[in-house]
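Participant: The lines below spell out each chain.
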Amino acid sequence: KAGVTQTPRYLIKTRGQQVTLSCSPISGHRSVSWYQQTPGQGLQFLFEYFSETQRNKGNFPGRFSGRQFSNSRSEMNVSTLELGDSALYLCASSLEGAGNTIYFGEGSWLTVV
Amino acid sequence: GESVGLHLPTLSVQEGDNSIINCAYSNSASDYFIWYKQESGKGPQFIIDIRSNMDKRQGQRVTVLLNKTVKHLSLQIAATQPGDSAVYFCAERGGGTYKYIFGTGTRLKVLA
Numbered sequence: 001k002a003g004v005t006q007t008p009r010y011l012i013k014t015r016g017q018q019v020t021l022s023c024s025p026i027s028g029h030r031s032v033s034w035y036q037q038t039p040g041q042g043l044q045f046l047f048e049y050f051s052e053t054q055r056n057k058g059n060f061p062g063r064f065s066g067r068q069f070s071n072s073r074s075e076m077n078v079s080t081l082e083l084g085d086s087a088l089y090l091c092a093s094s095l096e097g098a099g100n101t102i103y104f105g106e107g108s109w110l111t112v113v
Numbered sequence: 114g115e116s117v118g119l120h121l122p123t124l125s126v127q128e129g130d131n132s133i134i135n136c137a138y139s140n141s142a143s144d145y146f147i148w149y150k151q152e153s154g155k156g157p158q159f160i161i162d163i164r165s166n167m168d169k170r171q172g173q174r175v176t177v178l179l180n181k182t183v184k185h186l187s188l189q190i191a192a193t194q195p196g197d198s199a200v201y202f203c204a205e206r207g208g209g210t211y212k213y214i215f216g217t218g219t220r221l222k223v224l225a
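Protein sequences, first through last, are from chains A and B.
Going by my numbering, the first sequence opens with residue 1, and the numbers climb by one from there.
Going by my numbering, the second sequence opens with residue 114, and the numbers climb by one from there.
A few of these clues could be false.
Claimed, not checked - Lysine-lysine pairs mimicking DSSO-like chemistry, simulated, CA-CA at most 30 Å apart:
id : chain 1 : residue 1 : chain 2 : residue 2
1  : A       : Lys13     : B       : Lys155
2  : B       : Lys169    : B       : Lys184
3  : B       : Lys169    : B       : Lys155
4  : A       : Lys13     : B       : Lys181
5  : B       : Lys184    : B       : Lys155
6  : A       : Lys57     : B       : Lys222
7  : B       : Lys222    : B       : Lys184
8  : A       : Lys13     : A       : Lys57
9  : B       : Lys169    : B       : Lys181
10 : B       : Lys184    : A       : Lys57
11 : B       : Lys222    : B       : Lys169
12 : B       : Lys181    : B       : Lys222
Stated by the list, open to error - In silico contact screen, one side only, chain A against chain B (beta carbon under 10 Å); selected entries:
id : residue
13 : Gln6
14 : Ser31
15 : Ser33
16 : Tyr35
17 : Phe45
18 : Phe47
19 : Phe50
20 : Lys57
21 : Asn100
22 : Thr101
23 : Glu106
What the hints contain is simulated information worked out from the structure, not anything from laboratory work.
Fair warning: this is a prediction, and the values are worked out from it, not measured in the lab.
Quick reminder that beta carbons are idealized off the backbone N, C-alpha and C, glycines included.
Sequences and hints are given; from them, build the entire structure.
Facilitator: What follows is the structure in C-alpha cells.
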C-alpha cells in the first residue's frame, strides 16, 4: 500500500509569492492534516480535513489555507510568503482522524528567499 | 497554552544499551499518545501508540509508559542500535479533538 505522497518535495519561492502544496493520503484514509516543522521546533498543527470539511485549525494566520477534494487528496496554500514561512510542511493521513494513528508523508521543503 | 515538552533535547547512549526518552504533556484531557521517529530528511515515522486507558504498551524492542498522574510519557528502546539514531517526538491528542500536539523532539545518538 502506498504511503502518504507529497509534492513537490523541494521548492524555492520569493517573498510575496504564493505557494500550493499537494498531498495524496494513504488509500482509504479520509482524514488529512497538515503540519509545519521549522528548525529547532516541534511540529505545529495547521489544519485537519475530513470529507472535504475543515474540522480543526491551528494558530496560523489567514495566509495559510487548505482544502480537501472528494477523493481525499488535499492541498494547502500559503499566500504572501514571508521569510519565516521557510519550513518543512508535512501532511499526515488517517482513517478517520479522531483516535486513529496519523501517518506522515516525507514533506515539502519550502525555502522563501 | 497547550504544550508537549521533552526533558532531554539530546540523548547519547552506547550501542546495545537501553534508551529512555521522556515527555511531559500538559493537557490532562488528552486521550491518545503517539511516539514518532524522524530521520534526517524524512517525515516522522510511527513507532508506537498508547491510549489513556492504558499505562504500558510494548512493541518490538520498544515500550511506551504512560503516567497520567504526573502527565508523563516515556519511550524505552531496548538494545539500542545505530539505526535508532534519530529525533524522537511524542504527540498527544486532546480529547475530542482532531489535532495532535507535538513536542520539540529529542535527538538520540547511538555511540558505537
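Participant: With reference to the structure, classify each hint as holding or not holding.
Facilitator: Evaluated hints:
{"no.": "1", "hint": "A:Lys13 to B:Lys155", "in the structure": "21 Å, holds"}
{"no.": "2", "hint": "B:Lys169 to B:Lys184", "in the structure": "14 Å, holds"}
{"no.": "3", "hint": "B:Lys169 to B:Lys155", "in the structure": "28 Å, holds"}
{"no.": "4", "hint": "A:Lys13 to B:Lys181", "in the structure": "44 Å, violated"}
{"no.": "5", "hint": "B:Lys184 to B:Lys155", "in the structure": "29 Å, holds"}
{"no.": "6", "hint": "A:Lys57 to B:Lys222", "in the structure": "34 Å, violated"}
{"no.": "7", "hint": "B:Lys222 to B:Lys184", "in the structure": "26 Å, holds"}
{"no.": "8", "hint": "A:Lys13 to A:Lys57", "in the structure": "25 Å, holds"}
{"no.": "9", "hint": "B:Lys169 to B:Lys181", "in the structure": "11 Å, holds"}
{"no.": "10", "hint": "B:Lys184 to A:Lys57", "in the structure": "25 Å, holds"}
{"no.": "11", "hint": "B:Lys222 to B:Lys169", "in the structure": "25 Å, holds"}
{"no.": "12", "hint": "B:Lys181 to B:Lys222", "in the structure": "28 Å, holds"}
{"no.": "13", "hint": "Gln6", "in the structure": "8 Å, holds"}
{"no.": "14", "hint": "Ser31", "in the structure": "7 Å, holds"}
{"no.": "15", "hint": "Ser33", "in the structure": "7 Å, holds"}
{"no.": "16", "hint": "Tyr35", "in the structure": "8 Å, holds"}
{"no.": "17", "hint": "Phe45", "in the structure": "5 Å, holds"}
{"no.": "18", "hint": "Phe47", "in the structure": "8 Å, holds"}
{"no.": "19", "hint": "Phe50", "in the structure": "7 Å, holds"}
{"no.": "20", "hint": "Lys57", "in the structure": "8 Å, holds"}
{"no.": "21", "hint": "Asn100", "in the structure": "9 Å, holds"}
{"no.": "22", "hint": "Thr101", "in the structure": "6 Å, holds"}
{"no.": "23", "hint": "Glu106", "in the structure": "5 Å, holds"}
Violated hints, in rising order: 4 and 6; the structure is consistent with all others.
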